[in-house]
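Number of protein chains: 2
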Amino acid sequence: MADTIRFGIVGFGNIGSGVVDVFTRNRAVINARVPRPLELVRLADKDLTTPRPVEVPPGVEFTDDADRVLRGDDIDIVIELVGGLSPARQFVETALRAGKHVVTANKALLADCGAELFTLAAKSDVSLLFEAAVGGGIPIIRTLQQGLTANSLTSVRGILNGTCNYILSRMAAEGSKFKDVLQDAQRLGYAEPDPTFDVEGYDTAHKIAILASLAFGQDIRFSDVFVEGITRVRADDLALAAEQGCAVKLLAIARRDAPDAPVEVRVHPVLLPRMSPLGGVDGVLNAVEVVGDAVGPIVLIGAGAGLAPTASAVLSDVMNLAQQMVDGGAPLDRRLKIPVGKRSVQPMRKIALRHCLSLSLLDRPDAQSRVRSALEAESVTVDREVIRGHREGEYLNLALFTDAAPEANVQAAINAISELDVNAEPPSVLRREEM
Amino acid sequence: MADTIRFGIVGFGNIGSGVVDVFTRNRAVINARVPRPLELVRLADKDLTTPRPVEVPPGVEFTDDADRVLRGDDIDIVIELVGGLSPARQFVETALRAGKHVVTANKALLADCGAELFTLAAKSDVSLLFEAAVGGGIPIIRTLQQGLTANSLTSVRGILNGTCNYILSRMAAEGSKFKDVLQDAQRLGYAEPDPTFDVEGYDTAHKIAILASLAFGQDIRFSDVFVEGITRVRADDLALAAEQGCAVKLLAIARRDAPDAPVEVRVHPVLLPRMSPLGGVDGVLNAVEVVGDAVGPIVLIGAGAGLAPTASAVLSDVMNLAQQMVDGGAPLDRRLKIPVGKRSVQPMRKIALRHCLSLSLLDRPDAQSRVRSALEAESVTVDREVIRGHREGEYLNLALFTDAAPEANVQAAINAISELDVNAEPPSVLRREEM
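Chains as they are written, first to last, in this note's numbering: chain A, 1 to 435; chain B, 1 to 435.
Pulled out of the complex, with its shape left as it was, chain A reads as follows:
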């Protein structure tokens, strides 16, 4: 065996540069905490010419031949930072088949075919670690796999996308519109030129699929997740939230009522109390709440993205693998198993949720009664009503807080209300979440 544990990186973009930077900077701290020194041997990227935020360190090979990392005889651990499904999946499979441990930050890959990859890793007697795939630098995977293992978990909820949280926080602070804040966020680099993956909630959905799989021991995939992004959130929704001491957050929610009950897995904007651990998390921060039957709720908050926080998570995985390689011991990734093909997911339409309907009605005698009838027709009852504004003979602005009702009924009622000729503005609806 070599004197060092040797690792290589495929995908030398921003995150790759972050890993190289943090490893170089903290090499002394890192190597004091592992049984044998870590050594970065090789970087691979198809693009050899674009300048990177960091230099290729002296003695490290930089190649456009990914195989030299994935199958290199002098490589023990492969870090996959290519992202996306293809060729990342082939890369990870090649490395696992070649007997390399793999560390990845690729949430899309894990949410698409994680169970297959874990099976392949087990067959090849190597590990696939992925702390950086969810929550950036927040050690949420380790917390689920090790810290809370004595619990039967009942829910995992999180603010898992920094771009969305940044946009919603600024909309709340400034009273601005989604579109305007998005443009500014793009200018500042907080949102991608094509923001779809973030603002439509897909990134968040990938992450909650992974967390739900770990928490409930089921093979929950991206395609199992109900997803609604933040593009339809209005400035007025945030104003209403503030009036109620609440915030609007894009929340990922995985929950089950009992160990044998089907799992709810959904991503959508919610109204939640401002003075709650998740309701107060603003800007690009991420936050995750895990509820266990013994421990109760545990909340973790931290940088959910960014080069150095992600590198912190990637390198903690590499360090754990170094320990495991030298001492033997159980692979972390097998402590909470994701069994292939086992899933029981509750369809969104059957989930009973509480809502807040924001209505701007024409000030006509029949307006309210017709809204009430539309709700009653779907058995949706109203718990509390707030008059937000009224101009005699012109408009009446109302917020209706409903009791819990199946999503199918609520959506049917809202569609019916939208069709009424009593609306001054189209109705808006937010699901409510208790903390």
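Simulated from the structure, these hints should not be mistaken for lab results.
Warning: the hint list may mix true and false statements.
Stated by the list, open to error - Sample of chain B residues facing chain A (criterion: CB under 10 Å; computed from the structure): (1) Gly18; (2) Ala28; (3) Val29; (4) Ile30; (5) Ala32; (6) Val34; (7) Gln146; (8) Ser152; (9) Asp282; (10) Leu315.
Note that CB positions come from ideal geometry on N, CA and C, so glycine has one too.
Please arrange chain B on chain A, whose structure you already have, making use of the hints.
Leaving out everything else, chain B in the frame of chain A:
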């Protein structure tokens, strides 16, 4: 080797009952996550007669002979829940010498002689785990030992005592006095009949000594920690905090400016922004913020005490030991080492902090200038002044926000101000903490 991993518990009080209860309740979940089933073999307590919250499970021996747990041939793991220094230290030493792994929730013991116990454990080739010693169910030890290992840590700050946080939260919500809330907390069971250990900050100081040791790799002990409790916090301090958008919290702080700089370790009430991850944590909850050079700030929030949360942490340690015993592998407790005798602690008087002085002065022409002179004499400068109340010819209530100044100077200035004959009420002072 036996078919099961067998553990025993010394100290069958409240926490012991919690461990028995959660283990019994979640046995199926727990045993599905360890490579060989766990078996509770024996409970020991000097008191065999007082009724417990749970029954002794069938087949489990209950004895008043601690040695039958500590040295039992049929025991692999000993859980020490006796608490305090004696006989807990002898119990832990006996078990380690007998080759048993030990899990403890005993923060006092670790903050007093942790380094010696870890040395003994290493010599006996067994592990000493202690997730439950700090933060109850919050997996803060695991986070330091595994999640953030690629970082050079710069600070650990926490609300680590639920009793103090409950009292301060209620004082803030109700405008009540410390003494009144304490009495009520005792009646409700949130404070002990003798509350000294909690309200004087000793419990918090034990915990931060442990966290500082892990974070900075130094042998920081309880006796190294500057401690000031909450007994002198006034109702008006909380009112002032609220006026400033702040909260008063008993904060434990361990910080160093650079890897080779001396460590600050202190526990005292602080003024911190209400809309910050720690400033919004109310009631019996605990919260810890860890700052790493790569990851930035990470915050963990959860139940810091209570039977089931503590049991969650104790059992996660037992499960990790089970894994380690079956697979070999590196003991968790050796990943971040606490080297015996290595410490470099900054004395409190040298630490430069910002303060908030709350003064109620007689409304005399010379009052303010004499206060200013007292501050100037100690080179304490004022950054901001707020007039909180004024009655012509009677009193002038001021809040002075100072720039950072060494603690020795600030305390000398406050003593000098206290001596002046211009005070309508004795001055009060709170240290300020940025988040």
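We went through each hint and held it up to the structure:
Residue-level restraint check for Gly18 (chain B) holds (minimum Cβ-Cβ distance to chain A is 8 Å; threshold 10 Å). The closest approach between the C-beta of Ala28 (chain B) and any C-beta of chain A is roughly 9 Å, which is under the 10 Å cut-off, so the hint is satisfied. Checking Val29 (chain B) against chain A: minimum C-beta separation of about 5 Å stays under 10 Å; hint holds. Look at Ile30 (chain B): its Cβ gets to within about 6 Å of chain A, closer than 10 Å, so that hint holds up.
Annotation: interface hint on Ala32 (chain B) holds; nearest CB of chain A at approximately 8 Å, less than 10 Å. Hint status for Val34 (chain B) relative to chain A: holds, with the closest Cβ pair at about 8 Å, below 10 Å. Annotation: Gln146 (chain B) was flagged as interfacial toward chain A, and the flag holds, the nearest CB pair being 6 Å apart, inside 10 Å. Below 10 Å, beta-carbon pairs count as interface contacts, and Ser152 (chain B) has one with chain A at about 5 Å; its hint therefore holds.
Of the supplied interface hints, the one on Asp282 (chain B) holds, with its beta-carbon coming within about 8 Å of a beta-carbon of chain A, less than 10 Å. With a cut of 10 Å, the hint placing Leu315 (chain B) at the interface with chain A holds, because the nearest CB-to-CB distance is about 4 Å.
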